[in-house]
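Novice: Sequence:
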Amino acid sequence: MASPDIKDLFYKTRFVSGLHLLGVVFYSPIGLVLALLRVFISLQAYLLALLLLIPELSFIRGLVLRLISLVLGIFVIEENPSQRDKSARVLVANHVTVLDHIPVHLVTGCFSPSAWDVWPLCLKVFEGSQDKHTFATNLRNHLGSCLTPLLLQPEETPTNGRVGLLRFSPWCATISPTVQPVCLQSWRPLEITTSTVSATFSTDLFWFLFSPVTIIRIRYLPVVKRQEGESDEDMADRIAQSIAKELGLVSTKFTAKDKHEYKKRYLLELSRSSVTHSSQSAPRISYEMQRMASQVAEVLPYVPYDAIIRDLSRTRSVDLTISNVLEGAVRFTPLQPEQRASTSSSSRTQMSAAVSSEASCSFPRSAQDRMMTFVERKARLIESARQRYMEKHGLVDKQ
Numbered sequence: 006m007a008s009p010d011i012k013d014l015f016y017k018t019r020f021v022s023g024l025h026l027l028g029v030v031f032y033s034p035i036g037l038v039l040a041l042l043r044v045f046i047s048l049q050a051y052l053l054a055l056l057l058l059i060p061e062l063s064f065i066r067g068l069v070l071r072l073i074s075l076v077l078g079i080f081v082i083e084e085n086p087s088q089r090d091k092s093a094r095v096l097v098a099n100h101v102t103v104l105d106h107i108p109v110h111l112v113t114g115c116f117s118p119s120a121w122d123v124w125p126l127c128l129k130v131f132e133g134s135q136d137k138h139t140f141a142t143n144l145r146n147h148l149g150s151c152l153t154p155l156l157l158q159p160e161e162t163p164t165n166g167r168v169g170l171l172r173f174s175p176w177c178a179t180i181s182p183t184v185q186p187v188c189l190q191s192w193r194p195l196e197i198t199t200s201t202v203s204a205t206f207s208t209d210l211f212w213f214l215f216s217p218v219t220i221i222r223i224r225y226l227p228v229v230k231r232q233e234g235e236s237d238e239d240m241a242d243r244i245a246q247s248i249a250k251e252l253g254l255v256s257t258k259f260t261a262k263d264k265h266e267y268k269k270r271y272l273l274e275l276s277r278s279s280v281t282h283s284s285q286s287a288p289r290i291s292y293e294m295q296r297m298a299s300q301v302a303e304v305l306p307y308v309p310y311d312a313i314i315r316d317l318s319r320t321r322s323v324d325l326t327i328s329n330v331l332e333g334a335v336r337f338t339p340l341q342p343e344q345r346a347s348t349s350s351s352s353r354t355q356m357s358a359a360v361s362s363e364a365s366c367s368f369p370r371s372a373q374d375r376m377m378t379f380v381e382r383k384a385r386l387i388e389s390a391r392q393r394y395m396e397k398h399g400l401v402d403k404q
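Terminal number for the sequence shown in this note's numbering: 404, no gaps in between.
Hints listed in this document are in silico derivations from the structure and should not be mistaken for laboratory results.
Take the hints with a grain of salt, since some may be wrong.
Distance windows between CB atoms, simulated [stated by the list, open to error]:
no., residue 1, residue 2, range
1, Tyr-271, Leu-26, 17 to 25 Å
2, Gln-88, Glu-266, 31 to 39 Å
3, Lys-12, Ile-82, 25 to 33 Å
Straight-line distance between alpha carbons at most 20 Å, and here's what the computed DMTMM-like set of lysine to aspartate or glutamate pairs gives [stated by the list, open to error]:
no., residue 1, residue 2
4, Lys-250, Glu-84
5, Lys-250, Glu-83
6, Lys-268, Asp-209
7, Lys-17, Asp-209
8, Lys-137, Glu-238
9, Lys-17, Glu-161
10, Lys-258, Asp-242
11, Lys-269, Asp-209
12, Lys-250, Glu-238
13, Lys-250, Asp-10
14, Lys-258, Asp-239
15, Lys-268, Glu-161
16, Lys-269, Glu-83
17, Lys-268, Asp-13
18, Lys-262, Asp-10
19, Lys-258, Glu-161
20, Lys-250, Asp-239
21, Lys-258, Glu-235
22, Lys-258, Asp-10
23, Lys-230, Asp-90
24, Lys-137, Glu-161
25, Lys-230, Asp-242
26, Lys-262, Glu-161
Every residue, glycine too, gets a C-beta built ideally from N, C-alpha and C.
Start from the sequences and build out the full structure, keeping to the hints where you can.
Specialist: Okay, structure coming up:
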């Protein structure tokens, strides 16, 4: 099988096909109500666990976790429970969802390393996560002092589980010389994907709450033991290849860092495409706006260009915008003389392609107004603006 590209390992959208998207649209009212109910019930169960839970009472933890998994709609199918080798205290699995540790704990009782120490969700902090050597040492110390098995997911980020696996980080082979590989597969109705390349934990969690059910299939593989003289990298690759072969996937050389770089490129491409689309749709609007804004700026040169555009987009009339400015309906900071010169110059440049033969966008009602040239109308507008300004500030001589 040919080696896939990194973009093939992740979904870009939540919905695989348009046909299923139509079903999601009809289901969405139910999904939103279901998500809201699940949030309230999950919070109550979690708070109850924090109040009553003692780490040693594993049966209480199991009951709470089963309740939370039921509320989240997580159902577990253990395909070959007889193949679970309890002598192997380290389980190594592929990564398909952000909540993989919950279904695996329900059937094995294992803990998963995490950045948060959350006993109700079977997440435990092991110091030194930034230093792989210290991190592995702390995991080995846990195995030496506690009987609880560990679940490791050395891909370190979820994939779509349809094409290939990310390369397993070598630290997973340093914890124990004997590990048992575990295959995880997920399924949802309406083909709502469990994760996307740009997803965050909160968005993935929302779709758990929104989806009617998420089915996780667990399949155990034969125990892998370190061979004589085998390096950590070789053992980690052998574990990954056994899981990939069982799932019909490809074990790639891409790592979680490669996924992070691809995510940045993907988001950058999305932002560029949105900017290009908006810039292509803007000229039709700005053409009329620039034509009218230049006419207003010639009458009122102290008004900033963006303030003129903002009011013109609402009034669509040169006369009304001038009136609004004079009446104080437009908020702006007057331009300084040097700013007026630059604004006037840029305004003339923008208008070089526009043919302006009228003083406003509205068609004059009287025949006399229709016969007036732009210069005449401009002079009248200036005079009208001067009179209104003087009246507003009490500068008109009273006789």
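Novice: All hints, please: hold or fail.
Specialist: Verification of the hints:
Distance hint check for Tyr-271 and Leu-26: the Cβ-Cβ separation is about 20 Å, which falls inside the suggested range of 17 to 25 Å. The supplied range of 31 to 39 Å is met by Gln-88 and Glu-266, whose beta-carbon atoms lie about 37 Å from each other. Checked against the hint of 25 to 33 Å, the C-beta distance between Lys-12 and Ile-82 comes to roughly 30 Å, which is consistent with it. Using a Cα cut-off of 20 Å, the hinted pair Lys-250 and Glu-84 holds, with the two alpha carbons roughly 17 Å apart.
A distance of roughly 19 Å separates the Cα atoms of Lys-250 and Glu-83; the hinted pair therefore holds under the 20 Å criterion. Distance restraint check for Lys-268 and Asp-209: the Cα-Cα separation of roughly 16 Å lies within the 20 Å cut-off, and the hinted pair is therefore satisfied. Between Lys-17 and Asp-209, the direct Cα distance comes to roughly 13 Å. Compliance with the 20 Å bound is thereby established for this hinted pair. Of the pairs offered as hints, the one joining Lys-137 and Glu-238 holds, with about 14 Å between alpha carbons and a cut-off of 20 Å not exceeded.
Proposed proximity of Lys-17 and Glu-161 is supported: the alpha carbons are some 19 Å apart, at most 20 Å. At most 20 Å may separate the alpha-carbon atoms for a hinted pair to count; Lys-258 and Asp-242 meet this at roughly 10 Å. For the hint pairing Lys-269 with Asp-209, the CA-to-CA distance comes to about 18 Å; that is within 20 Å, so the pair holds. For the hint pairing Lys-250 with Glu-238, the CA-to-CA distance comes to about 18 Å; that is within 20 Å, so the pair holds.
At most 20 Å may separate the alpha-carbon atoms for a hinted pair to count; Lys-250 and Asp-10 meet this at roughly 18 Å. Our distance criterion of 20 Å between C-alpha atoms is met by Lys-258 and Asp-239, whose separation comes to about 13 Å. Proximity of Lys-268 to Glu-161 is assessed by CA-CA distance (about 15 Å); at most 20 Å being required, the pair is judged to hold. Using a Cα cut-off of 20 Å, the hinted pair Lys-269 and Glu-83 is violated, with the two alpha carbons roughly 37 Å apart.
Only pairs whose Cα atoms come within 20 Å are accepted, and Lys-268 paired with Asp-13 is accepted, the gap being roughly 13 Å. Distance restraint check for Lys-262 and Asp-10: the Cα-Cα separation of roughly 15 Å lies within the 20 Å cut-off, and the hinted pair is therefore satisfied. The suggested pairing of Lys-258 with Glu-161 holds, with an alpha-carbon distance near 14 Å, which does not exceed 20 Å. For the proposed pair Lys-250 and Asp-239, the alpha carbon gap of about 16 Å is at most 20 Å, so the pair holds.
Only pairs whose Cα atoms come within 20 Å are accepted, and Lys-258 paired with Glu-235 is accepted, the gap being roughly 19 Å. For the given pair, Lys-258 sits about 10 Å from Asp-10 by alpha-carbon distance, which is consistent with the 20 Å threshold. Between Lys-230 and Asp-90 the CA atoms are separated by roughly 13 Å; this keeps the pair inside 20 Å, and the hint holds. For the hint linking Lys-137 to Glu-161, the alpha-carbon distance of about 13 Å falls within 20 Å, and the restraint holds.
For the hint linking Lys-230 to Asp-242, the alpha-carbon distance of about 13 Å falls within 20 Å, and the restraint holds. With a CA separation close to 9 Å, the supplied pair Lys-262 and Glu-161 stays within the 20 Å bound.
Checked against the numbered hints listed earlier, the structure breaks hint 16 alone; every other hint is satisfied.
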